[in-house]
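Peer 1: Protein chains in written order, with UniProt numbering: chain A, 1 to 449; chain B, 1 to 449.
In case anyone wonders, no lab produced these hints; they're calculated from the structure.
Remember, identical chains collapse to one label, so a pair may be satisfied in a single copy or spanning two.
Capping the alpha-carbon separation at 30 Å, the derived lysine-lysine pairs in DSS-like fashion look like this:
id, residue 1, residue 2
1, Lys87, Lys19
2, Lys404, Lys240
3, Lys306, Lys404
4, Lys315, Lys362
5, Lys397, Lys306
6, Lys2, Lys315
7, Lys240, Lys29
8, Lys240, Lys315
2 protein chains.
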Amino acid sequence: MKVVKFGGSSVASPEQFQKVANIVLADRKRKFIIVSAPGKRHDVDRKMTDLLIQLADSVAEGRDDSAAFASVMERYQEIVTGLSLEKLFVSEIQRNLQETIARYRHDRKRLMDSLKASGEDNNARLMAAYITTLGQEAYYVSPKEAGMVVTNEPGNARILPEAFERIGTSLKNREGILVIPGFFGYSKEGHIVTFPRGGSDITGSIIAAGVEAEEYENFTDVDSIYSVNPKLVRNPAEIKELTYREMRELAYAGFSVFHDEALQPVFHKKIPVCVKNTNHPEAPGTSIVSAREPNGYPVVGIASDKGFCSINITKYLMNRELGFGRRLLEILEDEHISYEHTPSGIDNISVIVRAHQLENGKEERILQRICTELLVDEVHVERNLGMVMVVGEGMAKTVGIAAKAANALAEAGINIKMINQGSSEVSMMFGVDDYQVNEALTALYHAFF
Amino acid sequence: MKVVKFGGSSVASPEQFQKVANIVLADRKRKFIIVSAPGKRHDVDRKMTDLLIQLADSVAEGRDDSAAFASVMERYQEIVTGLSLEKLFVSEIQRNLQETIARYRHDRKRLMDSLKASGEDNNARLMAAYITTLGQEAYYVSPKEAGMVVTNEPGNARILPEAFERIGTSLKNREGILVIPGFFGYSKEGHIVTFPRGGSDITGSIIAAGVEAEEYENFTDVDSIYSVNPKLVRNPAEIKELTYREMRELAYAGFSVFHDEALQPVFHKKIPVCVKNTNHPEAPGTSIVSAREPNGYPVVGIASDKGFCSINITKYLMNRELGFGRRLLEILEDEHISYEHTPSGIDNISVIVRAHQLENGKEERILQRICTELLVDEVHVERNLGMVMVVGEGMAKTVGIAAKAANALAEAGINIKMINQGSSEVSMMFGVDDYQVNEALTALYHAFF
Numbered sequence: 001m002k003v004v005k006f007g008g009s010s011v012a013s014p015e016q017f018q019k020v021a022n023i024v025l026a027d028r029k030r031k032f033i034i035v036s037a038p039g040k041r042h043d044v045d046r047k048m049t050d051l052l053i054q055l056a057d058s059v060a061e062g063r064d065d066s067a068a069f070a071s072v073m074e075r076y077q078e079i080v081t082g083l084s085l086e087k088l089f090v091s092e093i094q095r096n097l098q099e100t101i102a103r104y105r106h107d108r109k110r111l112m113d114s115l116k117a118s119g120e121d122n123n124a125r126l127m128a129a130y131i132t133t134l135g136q137e138a139y140y141v142s143p144k145e146a147g148m149v150v151t152n153e154p155g156n157a158r159i160l161p162e163a164f165e166r167i168g169t170s171l172k173n174r175e176g177i178l179v180i181p182g183f184f185g186y187s188k189e190g191h192i193v194t195f196p197r198g199g200s201d202i203t204g205s206i207i208a209a210g211v212e213a214e215e216y217e218n219f220t221d222v223d224s225i226y227s228v229n230p231k232l233v234r235n236p237a238e239i240k241e242l243t244y245r246e247m248r249e250l251a252y253a254g255f256s257v258f259h260d261e262a263l264q265p266v267f268h269k270k271i272p273v274c275v276k277n278t279n280h281p282e283a284p285g286t287s288i289v290s291a292r293e294p295n296g297y298p299v300v301g302i303a304s305d306k307g308f309c310s311i312n313i314t315k316y317l318m319n320r321e322l323g324f325g326r327r328l329l330e331i332l333e334d335e336h337i338s339y340e341h342t343p344s345g346i347d348n349i350s351v352i353v354r355a356h357q358l359e360n361g362k363e364e365r366i367l368q369r370i371c372t373e374l375l376v377d378e379v380h381v382e383r384n385l386g387m388v389m390v391v392g393e394g395m396a397k398t399v400g401i402a403a404k405a406a407n408a409l410a411e412a413g414i415n416i417k418m419i420n421q422g423s424s425e426v427s428m429m430f431g432v433d434d435y436q437v438n439e440a441l442t443a444l445y446h447a448f449f
Numbered sequence: 001m002k003v004v005k006f007g008g009s010s011v012a013s014p015e016q017f018q019k020v021a022n023i024v025l026a027d028r029k030r031k032f033i034i035v036s037a038p039g040k041r042h043d044v045d046r047k048m049t050d051l052l053i054q055l056a057d058s059v060a061e062g063r064d065d066s067a068a069f070a071s072v073m074e075r076y077q078e079i080v081t082g083l084s085l086e087k088l089f090v091s092e093i094q095r096n097l098q099e100t101i102a103r104y105r106h107d108r109k110r111l112m113d114s115l116k117a118s119g120e121d122n123n124a125r126l127m128a129a130y131i132t133t134l135g136q137e138a139y140y141v142s143p144k145e146a147g148m149v150v151t152n153e154p155g156n157a158r159i160l161p162e163a164f165e166r167i168g169t170s171l172k173n174r175e176g177i178l179v180i181p182g183f184f185g186y187s188k189e190g191h192i193v194t195f196p197r198g199g200s201d202i203t204g205s206i207i208a209a210g211v212e213a214e215e216y217e218n219f220t221d222v223d224s225i226y227s228v229n230p231k232l233v234r235n236p237a238e239i240k241e242l243t244y245r246e247m248r249e250l251a252y253a254g255f256s257v258f259h260d261e262a263l264q265p266v267f268h269k270k271i272p273v274c275v276k277n278t279n280h281p282e283a284p285g286t287s288i289v290s291a292r293e294p295n296g297y298p299v300v301g302i303a304s305d306k307g308f309c310s311i312n313i314t315k316y317l318m319n320r321e322l323g324f325g326r327r328l329l330e331i332l333e334d335e336h337i338s339y340e341h342t343p344s345g346i347d348n349i350s351v352i353v354r355a356h357q358l359e360n361g362k363e364e365r366i367l368q369r370i371c372t373e374l375l376v377d378e379v380h381v382e383r384n385l386g387m388v389m390v391v392g393e394g395m396a397k398t399v400g401i402a403a404k405a406a407n408a409l410a411e412a413g414i415n416i417k418m419i420n421q422g423s424s425e426v427s428m429m430f431g432v433d434d435y436q437v438n439e440a441l442t443a444l445y446h447a448f449f
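Let the sequences and hints guide you as you build the complete structure.
Peer 2: What follows is the structure in structure tokens.
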């Protein structure tokens with residue numbers, strides 16, 4: 001059995017609903033369907049979730065909410081009418097929204113979470129109803145019924161460990177196609193609590209792990225994951241297959257296909273993920289797997305990101321000082337700074353961090369602490385660094401990858417400020433000046449693809 | 001004023017004593033002379049220090065020490081006779097050695113330290129006497145008189161902070177050439193305590209810092225420091241000038257010109273060091289300075305070392321776990337493991353350590369702890385790694401260095417397993433298989449020189 005998740009643009013309009021239904025009905029293994037709230041129908045459209053946030057804000061701030069309310073209802077109206085569903089659905093949605101507003105008018109966080117969640121929830125109800133009209137047995141299943149128990153942090157839910165077993169028990173043996181809203185779960189106290197944004201991916205991943213699906217299909221609006229950000233390089237190569245590790249390295253820097261933590265549940269169960277296009281379902285898509293056969297291409301993709309800085313520390317005989325690195329990291333941890341890499345020489349170490357973490361006086365305090373607590377000879381911050389990551393399993397075992405990459409950068413006149421490649425690694429990181437990141441990305445892309 | 005240190009081979013025979021005296025007398029600034037014990041006169045010769053260790057062992061173990069005693073005395077006899085010094089010196093040295101043996105016969109550590117120190121001490125007395133015979137005012141100064149107060153750890157002395165001022169006070173205003181034995185100091189309790197081996201360099205460096213010398217000349221038996229280990233590459237380029245930082249990076253791996261900690265005192269006072277050849281004093285030698293002008297060559301030298309291993313750790317979402325790196329280093333510190341580098345990806349980190357540190361069950365224990373305390377997905381040790389370091393200030397600012405290095409390695413068919421280059425660094429580290437280290441070194445040497 002497969003878990004199939006449809007993103008916002010896949011369920012944005014009656015036409016998209018029809019495509020989704022066709023996809024679901026085309027494969028009998030597609031049993032667990034996760035839907036997002038209606039997304040954008042065109043470039044200048046607004047997402048349902050944004051409309052709902054606007055509605056929640058209007059209510060909470062005591063402003064006139066009728067326009068916001070109307071724009072929410074309009075979207076549902078369009079879907080119900082377009083799919084010739086019973087008009088009753090519209091009035092039911094309207095009544096539910098009004099009840100939610102009445103109940104949480106003075107509890108802004110719950111109001112926000114409940115209204116946001118309604119985007120997915122109502123869409124799931126409509127999808128189940130629509131599939132039923134096509135003659136297939138299909139049911140809406142609420143996250144509560146499904147067993148999606150989460151922590152009680154509005155807007156930042158985390159799945160509880162016991163949820164997976166509950167999900168398996170409650171869903172595995174049910175008949176028909178089950179349509180489950182993404183993006184939220186229920187706390188033990190019975191509250192609706194939403195995941196961080198992009199959370200429908202999380203729901204799909206959790207359900208897939210809970211029912212031990214053979215595959216987690218993730219339908220979005222692109223044919224595949226690309227080897228480089230298509231906004232930066234025109235018509236980049238499609239990736240047919242990549243490993244979780246490769247996905248993580250790419251997702252880190254400039255690839256926003258998945259929410260950071262979304263794949264963790266399927267990763268742990270080694271369930272393959274397939275990214276496909278709702279608008280072009282016959283394209284093979286991209287498979288994300290726990291291990292893959294070498295395909296002759298050591299590099300699978302190239303990612304980039306900007307806005308880093310490097311804290312550069314020098315101390316004579318540093319490498320003879322047991323505990324130096326640990327004490328340095330302790331200072332950063334103490335200041336709630338997370339770091340990316342720590343390239344080091346004999347008497348020097350650089351700590352690469354995202355620059356925004358050093359704002360509001362933190363930089364001065366950290367430099368001061370490094371000076372006085374570690375008695376270093378010199379410490380300074382280098383700003384405006386970017387990183388380009390060349391990613392691929394098996395890269396580490398291929399002679400000449402570093403040469404090819406370094407040559408491409410040298411030929412483009414780009415100075416490499418840092419390099420980081422570990423023994424078991426699937427990526428090679430090049431630190432360059434921020435302003436040269438896009439050039440570096442392009443040069444590397446053309447070298448490897 | 002200069003502090004001038006002569007290594008063992010520079011003071012191994014009467015002929016070498018004459019060379020040293022000529023060097024000292026050739027420059028009126030050469031006022032503070034540090035001498036080692038007599039070194040090897042030819043390839044199969046034995047060093048005085050080794051003879052003295054043998055003597056100490058014989059005494060301590062109650063064996064017949066007459067042969068060992070005779071071989072020590074023979075060396076002094078040769079020097080005294082060869083330089084036509086008074087015969088009295090020989091009998092004085094003999095009496096001193098006998099007294100030392102009698103006093104410490106039952107205290108092996110003190111016996112060892114006192115006998116070892118006598119090699120330098122007697123040589124300093126003979127050198128002062130010899131220079132005097134040449135018509136120059138010259139005095140032997142004992143480390144005690146000089147103010148060399150050290151910690152009371154036999155064989156592992158460390159200079160005490162107050163020593164520097166004492167040295168300045170006791171030596172700066174004295175007349176004549178002052179000859180001071182290297183390798184040992186006195187504890188506050190009045191004991192002779194030796195530095196770790198190679199410690200005459202340490203004495204010279206401490207005296208230079210104490211008297212605030214304008215230069216520390218270090219005379220040995222090579223014309224200069226070479227850009228690569230001459231045992232591995234034939235006739236390598238000489239280095240005219242390098243910075244302390246470059247020296248440290250080179251000294252780390254395969255360059256044994258200086259004892260690791262020897263340069264710390266002069267480093268802190270920014271006193272330049274000049275390495276010269278007693279047998280060829282007209283050669284310019286190598287200057288080690290705190291900063292140097294770029295000379296158009298970004299790479300100053302290439303070093304290598306073997307016998308490393310890499311602890312490779314993978315954990316999904318590692319980079320989102322604040323404190324992961326710190327807790328990992330804490331485990332290593334706890335197990336008294338010092339590490340070299342920690343190249344990292346998004347969800348993985350490698351810790352490079354010297355392999356001998358993981359013996360005697362430590363490896364199993366550390367892997368176990370990493371598993372259970374850090375809940376990693378995977379951890380394993382990769383063995384037989386070597387490192388090649390390309391060293392040079394300004395390298396980081398030159399486009400194409402990494403490309404040149406990586407190309408040279410690729411052309412030699414060498415797979416790069418790790419790369420480490422930080423933002424402010426003077427070195428670029430390439431990890432390769434142990435068995436390819438020498439090939440890698442040669443390939444890099446020919447690329448840059």
